[in-house]
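A.B. asks: Go by the hints and put chain H onto chain D.
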Amino acid sequence: MILAGLLIITAGGGILAWVVGAWSERACRWVALLALCADLALLIFVWVSYSASGGALMEPPWLLQIDYPWIGPLGIRFHLGMDGLSLLLVTLTAFLGIASVGASWTEIREHVPAFHLTLLWTLAGTMGVFLALDLFLFYFFWELMLVPMYFLIGIWGHEGRVRAAYKFFLFTQGGGLLLFAGILGLYFLHARNTGVYSFQYRELLQGVASSSFAFMLMLGFFLGFAVKLPVVGLHTWLPDAHTEAPTAGSVVLAGLMLKTGAYGFLRFALPLFPNQSAELASAAMILGTIGILYGAFLAFAQTDAKRLVAYTSISHLGFALLGIYAGNRLALQGAIIVLLAHGLSTGGLFIVVGALQERFHTRRMDELSGLWSSIPRMGGVAMFLAVASLGLPGLANFVGEFLVLTGTFAVSPVLAAIAALGFVLSSIYSLWLIYRLFQGPERRMKEAPDLGGREMAIFGAIIAVIIWLGVYPQPVLTTAKPTVDSLVSSATYVMQAADEFGERERSPYEETGAPEAEYDER
Amino acid sequence: MLSLLWLVPILPLVGFAILAVTAGQLARKAVSVIAVGAVSLSALIAIGITVAYTITAPAGTVYSQTLWQWMRVGNFAPAVALHLDALSMTMMVVVAFVSALIHIYSTGFMADDTGYSRFFAYMNLFVGAMLTLVLADNLLLLYLGWEGVGLCSYLLIGFWYRDPDNVRAALKAFFVTRIGDTAFAIGIFLLFTSLGTLNIPAVLDEISTYAPGSTLPTAAAALLLVGAMAKSAQLPLQTWLPDAMAGPTPVSALIHAATMVTAGVYLIARMHTLFVMAPAVLLAVAIIGAVTQLVASFSALTQYDIKRILAYSTISQIGYMFLALGVGAWAAAIYHFGTHAFFKAALFLGAGVVIKMLDEEHDIFKMGGLRHRYPLTFWAFLFAALTLAAVPPLTITFNSKDLILNQAFLSKGGRGLWILGLIGTFLTAAYTFRMVFVVFFGPAQSRPEKTPARSMVAPFVVLAFLGAIAGIPELLTAIFGSQNLSSFLRSALPGPTRDFPSADGPWLFQLIYVATALAGIAVAYLLYERAPQYTRSVVSTSVGSWLHRWWFADWGFDWLYQKLFVGPYVVLARINRNDVVDLFYKGLALISRVINGLLSSTVNGNVRWYVAAVAGGAVIVVGLVVIL
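Protein sequences appear in the order of chains D and H. Reminder that position 9 of the first sequence reads as 9 in the working numbering, one-by-one numbering, no gaps. Reminder that position 104 of the second sequence reads as 1104 in the working numbering, one-by-one numbering, no gaps.
Extracted from the complex, chain D is given alone in its bound form (with noise of 0.2 angstroms):
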């Protein structure tokens, strides 16, 4: 029940905060806060009832379900989920919703009641891709959270909004067909191996056999996330929409949207299709390291510092793709934690990059300079989450990417050691970043108020959960430990890759078997 009350808290959130936005603006955005809060304080609630229950589940690896038939003779039902990584992915949503929600406050002074609704309705979008465990319901709030993304984009968005919204739209609607061409020939694969017509996750979990069909099915499945992801080459459609969208619809679209397509990795494109992935494991693992690498190089050229920060997404998510098909269970675990650092420390970058704009009226970095002396908390703040995202030890990046590349050295050291120029590249384009905005001379332009009470409320409560995952990452290692244990058990495609690659078969902790009582104490 809890899983549906956080989709009707959102989108009657939502519904609510417009209706209440005829009469006042003000209302109607502390009706979406506290709508979004709820949503936290709910998420908070099952986290903690699950770690105190010693992580005892009814059926691993579910915590939490709800499952109505909804359209019978189809095989189409209201099922949704929630398991370790859908918990995260989830309490990420409501965390950098309120965050978009607060960094609105005052960007945003026009149509405030609809810009309410669109922006809860993605997150309740988004919140059901996270949940669904039937593959048309999947589908149904994969669409339900790109319309709305669309208006964000195009009607609250900065210049070329339209231009940017068309090419947002055409592309993931472009990966949505694909997508949905995969489930539906999935739908009749099945219903021809077993004569039962079911959307069903655990029904299509069972596996299909190799047949080039198969392949072509994944191959749906892998392009329709890809875009969503984006894997390089796939990948230009981010950059203008990114910069366009208003700074919320940039910390929804950096912070939660992308990750949707790592989601569909992990929970779809790999666990229905596990032999089929095995012979796209290299070429994907290929893909990641060049999209590290490419992104943070494209990054750094930029003139716009929007449009840098949203390159940097390209990079990290690199990194996801990277872990995601190494499959380990170190790469997987660091693939996750990936995934969370950087909904914080890009969505920050863009709440940053945002309240510039809100004072300056440019995203310019050439008309930009040496900003620090006289907003020196901004500065503070931006300086603290380039840190993060270029990787320093002891915050949140760093523990994703360095387990991402520590297991994938076990399968490829020469792409884990390719990637590994990450560090430099991520490095090279973070500060620069702020040597253009915060460095340098001091430019003679208006006076701005530095971060006020509502702005620091914002970014410290990121600061602080980038420190905490950074220090002490053990609570979500352990609460995605479930799903990467299953992911990690159907993984034949490890093997797979590691054959590709002539290298050692199994990862060291396979071969020295750790003691896994160990690992769940905490």
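Think of the hints as simulated: they come from the structure by calculation, not from any bench. Cβ coordinates follow ideal geometry from the N, Cα and C atoms, glycine included. Heads up, a few of these hints could be off.
[What the hints assert, rightly or not] Derived coverage of chain H by chain D (criterion: at least 3 residues anywhere in the stretch with Cβ under 8 angstroms from a Cβ of chain D; other residues may be distant):
#1 1018 to 1029
#2 1038 to 1048
#3 1177 to 1183
#4 1581 to 1590
[Stated by the list, open to error] Computed spacing ranges between beta-carbons, pair by pair:
#5 D:T303 - H:G1413: 53 to 59 angstroms
#6 D:W105 - H:N1576: 33 to 39 angstroms
#7 H:N1596 - D:G233: 22 to 28 angstroms
#8 D:G5 - H:Y1561: 57 to 63 angstroms
#9 H:A1202 - D:G453: 47 to 53 angstroms
#10 D:L177 - H:Y1610: 31 to 37 angstroms
#11 D:L170 - H:A1202: 52 to 58 angstroms
#12 D:S489 - H:G1213: 45 to 51 angstroms
#13 H:R1574 - D:Y68: 54 to 60 angstroms
#14 H:D1363 - D:A448: 35 to 41 angstroms
C.D. replies: This is chain H only, laid out in the frame that chain D set:
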């Protein structure tokens, strides 16, 4: 006492946290109390721990303390845990003590700076990170400290951020060291993947079961060496350190002389078993060290900026430490680290006093004659310089470098390295006393009278004094054969002990070193104090000026890297700003638009055209049906 170990790295971090959260809202006095208090307290505890450790060494000579489990995935389980043995203790106490003195000095040096609180926040963070690095019991925590000090180095070099040159120097330092850090990280991946642990003693135990010279130890040692080279500014990754002098002088003293730059030396000493298993890499360490100290000495001879002279001198002295490591004289390397931390920090602090008194003048040729005006500064600086040049009996620490040279000579095939080291001894004395003569002797320049703050002079004099007498324990051994630092360090760093075959050996070699150093001083005296016109005429010859420019520009490394890496990266990035991949999609959009245009032009309202099109279409369809 030992159980207080965790406070040593934590206290400065707490100081940082307070200063960061208050963000410049505190009064200067409160900032000083918090920052200096945190580091001093940490230093006092470190000294207490040292005393407790030496009186009653813990079982197995190692004391470890686990604070919490950092993360655990399978057997990837690095903890936040501290490891105290003779090596880490020596490093810890030197780092904490020098840091405390330099913090006190900074309260005077930075007194008028607007970024007072920010400065001390960074400094405290640095001390916390450096102590974490030194005390870490596993490679991942060591890496955390390693990157943490790199970040602080960047923050403090670019402390005066309004000048783009400072920021560029800071970025250069960070990027070059990050290249090394990345190699180090790959080394960690390799070690973990092969050995299944990151705990340093466990790694060293495991690695000693491998055959010397086999692939794993060699590859891992080589990767770690690249990390150490970048951090310790050894050839060919030394280019960032001279530029790093853009930071405030206390930063140069603390980070870029006494502590952080020696982290590479510490890493190799800490992982010495690994390096012993990789003889080829160990030889590379020795050669890199010997060549670096020579190359940097030549550059030091040509600089005008007092801080750049000292920077090249630091590179050169760390070269000696690498030489010591390379011939397996671990204890000698750490001993030299300790004495160098004192006397080089003292030289920097002295330079800071001079620079401050002369209104930010860095050019030694615009100083001159300062010996009468600042006698205390002069004498302390002179003692530190004598320690650097290693001239007994005015300094008792002369033997820290000489030990290294002896060990190099006695090691197998080390004669060539020894000769390079000896040339370095001559050059060291020459560039050091070039600086002393030019700055403190000669005609005085008239300038407004200023007196240095007591908080600045006191730490400087203490460090210079300590540097000069730090060699007493070693000297006592030479005479009486008692317990000394080297044999104490040997409990953590077992290595070969090499002695001269005859009892006269040490004395004979000592004579050679002293004579070489004195010759260096004499040459500096002749060329810069007695007859500077000779210097000018040598430099004005074509070969002379060419060499001068070459050495002055750090042997052209910067130029080479600019052409090879920096330039191409920037240019390519600029060309590709709009992302070539997007051209494909732009092309798709263009094609659709063209087709759209073509098709729309068919909807032209011309009935004859429509009829013709329908007829043509019908013919084609019928034709297809017939053919198929």
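A.B. asks: Okay, which hints does this one fail, numbers in order?
C.D. replies: Structure breaks hints 2, 12.
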